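Chains as they are written, first to last, in my numbering: chain A, 18 to 362; chain B, 18 to 362.
Hints listed in this document are in silico derivations from the structure and should not be mistaken for laboratory results. Remember, it's a predicted structure, so these values are computed and weren't measured experimentally. Even glycine gets a Cβ: it sits at the ideal position worked out from N, Cα and C. It is possible that some hints are incorrect.
What the hints assert, rightly or not - Heads up, simulated EDC-like pairs for lysine to aspartate or glutamate below, C-alpha to C-alpha not over 16 Å straight-line: (1) 300/B - 112/A; (2) 297/A - 229/B; (3) 300/A - 80/B; (4) 300/A - 166/B; (5) 297/B - 348/A.
Unchecked claim - Quick partial rundown of chain A residues pointing at chain B, CB under 10 Å, derived from the structure: (6) 145; (7) 218; (8) 242; (9) 243; (10) 245; (11) 249.
To be verified - Which bits of chain A does chain B cover? Going by a derived footprint, with three or more residues having C-beta under 8 Å, they are: (12) 113-125; (13) 256-265; (14) 326-337.
Protein chains: 2
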Amino acid sequence: MRSGKRDIPAKNSEVALTDGKSGLPPQDLIDFFKNSDGFFIAIHLSPDGDALGSACALGMALEKMGKRTMLACRDSVPQQYVFLPGSERFLTFSDIISRNVDIKSYKNLVLVDCNEIKRTGFEKTELASTKFAASAVIDHHESDSLFGDIRWVVPPVAAAGMLVYYIVDALGVTMTEPIASNLYTALVVDTGNFRYPSTTSEVLRVASVLADAGANPYNINRAVNESWSEGRFRLFVKVLGTLSINDGVAITHVTRKMFDETGTSPDDTENFASFALTMKEVKVAVFIREVGDNHYKLSLRSVREVNVERVAALYGGGGHKNASGCVAQSDLATLKADLIKQLGG
Amino acid sequence: MRSGKRDIPAKNSEVALTDGKSGLPPQDLIDFFKNSDGFFIAIHLSPDGDALGSACALGMALEKMGKRTMLACRDSVPQQYVFLPGSERFLTFSDIISRNVDIKSYKNLVLVDCNEIKRTGFEKTELASTKFAASAVIDHHESDSLFGDIRWVVPPVAAAGMLVYYIVDALGVTMTEPIASNLYTALVVDTGNFRYPSTTSEVLRVASVLADAGANPYNINRAVNESWSEGRFRLFVKVLGTLSINDGVAITHVTRKMFDETGTSPDDTENFASFALTMKEVKVAVFIREVGDNHYKLSLRSVREVNVERVAALYGGGGHKNASGCVAQSDLATLKADLIKQLGG
């Protein structure tokens, strides 16, 4: 794995995006897409709608330019997102290995919605020794990493889908309904349906352009947010039943037994974490998922003015200021008490 | 009460709105606002964010033109919406009567977010004999009514707030942050936060313009949708515990006892009705609220392709295709069985 290094993104593009008016991808990124061929587009493990939609859209746009692309992820596309046009093109790393897929001709690596190779899980596979000719990074997460020959990492931007929108535009590719639907999904997922602080007028403007190009807000929202199984709904009711509130910190948990009783899996808990923020007095919501005996995975969510990344870091985790995660080895009661001590007040 | 009659709105404005591009209010409506003074702006009883935000915004725009306006409603502004700029100007009909407020100089009646005087509750008060010089109607609900000298009733439009946005624009009033926040709230409330089928590219474009003018999507969403009391949240958990699903029909109910146990009131059940539509297999969600012994109020919500207005009408109620209401006198078990029969399959 070649890991080119380069400084943080061109200042002019950062400024353009931060002032919320228009996105201007770095010229070297645009040249990279125009002048190269064979793109291996990889996204982070446990992919979400932003990663999947952004990668599908970028792949489609490049294919329309006559380029060859491969979409890859450690994990398969979650059921919730199989509706995304082109998502059937995703290969898992296991698929690539077991089917002996030749990836040598996809010699340009593109990371989407993550900014270091570690986030893809690629390095832990037999593919790790693959040599790429060049690498580009398109992401909106905070990062200390310098991975990538070309980096376009703009943390204030709501979604990787915004950046891909600007790239599609800069490449001169006509916005089609499938590209628009992928990007609209990316925006919906990473802005919590236009609810998070990252929802700027520019996000809404781009959403409007995408809807104009054929993305259907109702259908996409129904597919992304309103396609719960009855089991998932029953699980949700059980999880809400565990709610405790102390000092503005709401804690809920899910056990392996609850999954069994409702025929569900951890995938079914997406967005459970933030639900308790619906309450005015709740500033932090913690969702605890039992992974094994005294082994828990935590999702921390907070209102804009509270930073939970700090506490996730205490447990060896990380994420964003208002959305972080970590794991903990402890019994549940002690863990909850510790969390209230760390987060409360 | 003078009840001028006039035909349905000018076709050109309807077409302009239906094709989702731009709104063109009828010229007589614009002339009415420009050439008259003293506007009595009334909204429907049990006001929601669209009615309140639209009326506040219209009132502000007219005041900026040097016009005198009065905002009136049968009911006081719900706690959830007191954050709306200018909402403190609302008078209830009881306020007007008890304080002997002179409304004679507000001789131009404007109905917002409703299209017949009946929906305001005005006619059941001592004020009913008030004579207005002229009346205008600005609404997006289906209607057989011919009430109003000037009617701008455009059912396909997502919110009355959209219509008021076009009016403010046509009046040449500069969009200010308070006007924008009121209108953004109207859009958020009546599109279910950009989730309903009425969410067009045009709605998103207007939302973007409003955010550009200072409306804050995060703050507004937090105020409208994420300011639940803990009691309301506990009530929600209890209501979810009553869920039954038959033939794609999800039914939940709330009893007076549950309100007592959680220190809540019927106001706290807003949006409970549609929550079960989160499930993929659920096409209709019915929320039953106990009003008295064997006396229930029903809210019916459905996915786009199912019409619940038909069933609400069987019970003497009405509303929209996908959101209707009615009352029923029955015991709960019989009522639920009847509903499944009427709505299922």
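Now the hints, each set against the structure:
1. Annotation: proposed proximity of residue 300/B to residue 112/A is violated, straight-line Cα distance about 37 Å (limit 16 Å).
2. A distance of roughly 26 Å separates the Cα atoms of residue 297/A and residue 229/B; the hinted pair therefore is violated under the 16 Å criterion.
3. Restraint check for residue 300/A and residue 80/B: not satisfied, since their Cα atoms lie roughly 38 Å apart, outside the 16 Å limit.
4. The hinted pair formed by residue 300/A and residue 166/B fails the criterion: a straight-line CA distance of about 50 Å is larger than 16 Å.
5. Proposed proximity of residue 297/B and residue 348/A is contradicted: the alpha carbons are some 36 Å apart, above 16 Å.
6. Nearest Cβ of chain B to the Cβ of residue 145/A: about 39 Å, over the 10 Å cut. The hint is violated.
7. A least Cβ separation of about 4 Å between residue 218/A and chain B falls short of the 10 Å threshold, and the interface hint therefore holds.
8. Annotation: residue 242/A was flagged as interfacial toward chain B, and the flag holds, the nearest CB pair being 7 Å apart, inside 10 Å.
9. At its closest, the beta carbon of residue 243/A sits 5 Å from a beta carbon of chain B; the interface hint therefore holds under the 10 Å criterion.
10. With its C-beta approaching chain B no nearer than about 5 Å, residue 245/A sits inside the 10 Å limit, and its interface hint holds.
11. Restraint check, residue 249/A versus chain B: the minimum CB separation of about 8 Å is within 10 Å; hint holds.
12. For the region 113-125 of chain A, the stated coverage by chain B is not satisfied: 0 residues place a CB nearer than 8 Å to a CB of that chain, which falls below the threshold of 3.
13. Here's how the region 256-265 of chain A fares: 4 of its residues keep a CB closer than 8 Å to some CB of chain B, so the rule of at least three is met and the hint holds.
14. For the region 326-337 of chain A, the stated coverage by chain B is violated: 0 residues have a C-beta nearer than 8 Å to a C-beta of that chain, whereas at least 3 were required.
Going through the hint list in order, the structure does not satisfy hints 1, 2, 3, 4, 5, 6, 12 and 14.
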